[in-house]
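Student: Sequence:
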Amino acid sequence: MRLTTAQALVRFLANQWSERDGVEHRLIAGVLGIFGHGNVAGIGQALAEEGAGTRDPLPYYLARNEQAMVHTAVGYARTRRRLSTFACTASIGPGATNLVTGAALATINRLPVLLLPGDIFATRAAGPVLQELEDPRSYDVSVNDSLRPLSRFFDRINRPEQLPSALLAAMRVLTDPAETGAVTLALPQDVQAEAHDWPEELFARRVWHVPRPVPEPAALARAVELLRESRRPLIVAGGGVRYSEAWTELARFAENHGVPVGETQAGKGALPYDHPCAVGAIGHTGTRAADTLAREADLVIGVGTRYTDFTTASRTLFGQARFLNVNVAAFDAAKNSGLMLVADARAALRALDEVDWRADADWTRRATTLATAWQAEVGRAYAGTQLTQPVALGIVNEIAAGGVVVNAAGSMPGDLHRLWRASDPEQYHVEYGYSCMGYEIAGGLGVKLGAPEREVIVLVGDGSYLMMAQEIATAVQEGVKLVIVLVDNQGFASIGRLSESVGARRLGTAYRARGAGGELDGAPLPLDLAVNAASLGADVLRADTPESLRAALVKAKESARTTVVHVEPVPGDGPDAHAWWDVPVAEVSALPEARAARERYDEAKRDQRSYL
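All letters in the sequence shown, in the order written, are residues 1 to 612 by UniProt numbering.
Honestly, I wouldn't trust all of these hints.
Below, simulated SDA-like cross-link-like pairs (lysine to any residue); rule was C-alpha separation at most 20 Å, straight line [said to hold, decoys possible]:
#1 Lys335 with Leu612
#2 Lys555 with His578
#3 Lys557 with Lys605
#4 Lys335 with Val224
#5 Lys605 with Gly574
#6 Lys557 with Gln490
#7 Lys555 with Glu398
#8 Lys481 with Thr54
#9 Lys481 with Ala401
Just so you know, these hints were derived from the structure itself, not from any lab.
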């Protein structure tokens, strides 16, 4: 059939499905886009011709920022456990380069998203075109090449004939749990509009089967031997537990073998917070229970985790423990010189559960005692009478029962990781692979699109809000209801504390005017972010006490409209496990606080371990 390249692309995407465990899902749930001259006559025309209403196979959603649209796709893909995602289309030039941060976030978090940026003319008939980067080394270079290192698959479609093979490769990567991430198909504007005779088979309904790889027998035997040698094991549950839907198997394995379970940011909620084997967050932002056990464990069983520096406390946390790493990706399973068990988390846990072995009873009891003591500390932090950030989070935790909390950057991810009481695997959504300021509202929109039956509560600091709040308008336009708790610290609270701790004197971390001495230490800026949120179409409530915050959240939940609850907390910290994070400190300085910070840094550095 004769179609333009863009029309063929749209028709193909509408007929792609994923399948796992006999359940099928639309692989591409829709298209998020902003049109410019680089994609309006191609993909824009194709979507208009094919129909792009919300009830059509490939609905179109208007975004306000190209980076934000990728965040929305990522939030959706994570909520749908990587079985479904969105395509994101942008024009050439700044529209395309705005995709870069979102692409990095998607690939770092191992989450699928399809990027469709417009590109310069393949024929070069009209070059240089508006917004074209001219590279004197080659006419084949465009700004889209900046997406190459951030994409798990990248191709430029310079001829219509190249489209089928590129599409099939793109779908393969999107549905491969070990390879997935951002996938980019760069589309020259002239090729998008060029007609071609396509085989009908290209548009047939196609189902991509998402595998559950089982452990290789010899590797499983080595893992069993390692388990039987262990007396003090600790599980580190990562995002792979959630993506594999392995929470039942995790709970069964932990219960049957007496193994305590710590959680990364991506794995939080893999066990309910009050499960007998749950010891909470692990690492730099961990609980005292999990981090104490991590220091004493003789075996760390990582299930679906990447072992970032926050999880390992910059390689100071796990003492002399050995590692058994269960991961669908060999790249991650090999980390920390661990014994590799390359397999789906659910399949691997089922196989390991057959082992006749159990942790020492004293170790299991100790884990329970430590977890109970930590939860008592959380209860005290939540029960404060002033509206500190921990008290505010406790109220949100209470009101959000059954909902999803979304966050990404600032001081809140640490408090959430330590304090949040997750009751089910889908309740906690903190993007901490890239920890991207600005993710929260756009990502929350994607979460709500992926789970419309759930209340979605977005927690966003004023720093992140000022970077990317405009998707409030998208939520209002689409009638997608969010509850947004805007925590206004009048600056960068988390980085302010970090700056002070390394001797940088909180430079550039407060929203203040330039003072008489030339420093940014003058009067607070006259910002009113609540008024800004109202201008984007949201209902706005203000809260300055625990009682008023509770009342505002109840009202926001009852509303059918996107509602922003503006909060200005008073200073106050919650309990901390005091695990280290390696942020290098100036080796020489005239500032006494920097010299003191360097001494502390050198001392902590001595505990850093090489995993050899």
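Student: Under the criterion that the straight-line Cα-Cα distance not exceed 20 Å, is the pair Lys335, Val224 satisfied?
Tutor: Answer holds: Lys335 to Val224 is near 19 Å, not above 20 Å.
Student: Need the status of pair Lys335, Leu612: alpha-carbon distance at most 20 Å?
Tutor: OK: Lys335 and Leu612 at ~10 Å, within 20 Å.
Student: Does Lys481 pair with Thr54 here, judged by a C-alpha cut-off of 20 Å?
Tutor: holds (16 Å)
Student: Regarding the pair Lys555 and His578, is the alpha-carbon distance no greater than 20 Å?
Tutor: With Cα atoms ~37 Å apart, Lys555 and His578 exceed 20 Å; violated.
Student: Need the status of pair Lys605, Gly574: alpha-carbon distance at most 20 Å?
Tutor: With a Cα-Cα distance of about 26 Å, the restraint between Lys605 and Gly574 is violated, given a limit of 20 Å.
Student: For the pair supplied as a hint, Lys557 and Lys605, is the alpha-carbon distance within the 20 Å limit?
Tutor: violated (47 Å)
Student: Starting from Lys557, check that the Cα of Gln490 is at most 20 Å away, please.
Tutor: Given that 20 Å is the threshold and the Cα spacing comes to 26 Å, the pair is violated.
Student: Given the hint that Lys555 pairs with Glu398, test it: the Cα-Cα distance must not exceed 20 Å.
Tutor: holds (14 Å)
Student: For Lys481 and Ala401, compute the direct alpha-carbon distance and say whether it is at most 20 Å.
Tutor: holds (17 Å)
The structure does not agree with the numbered hints 2, 3, 5 and 6 stated previously, though it agrees with the rest.
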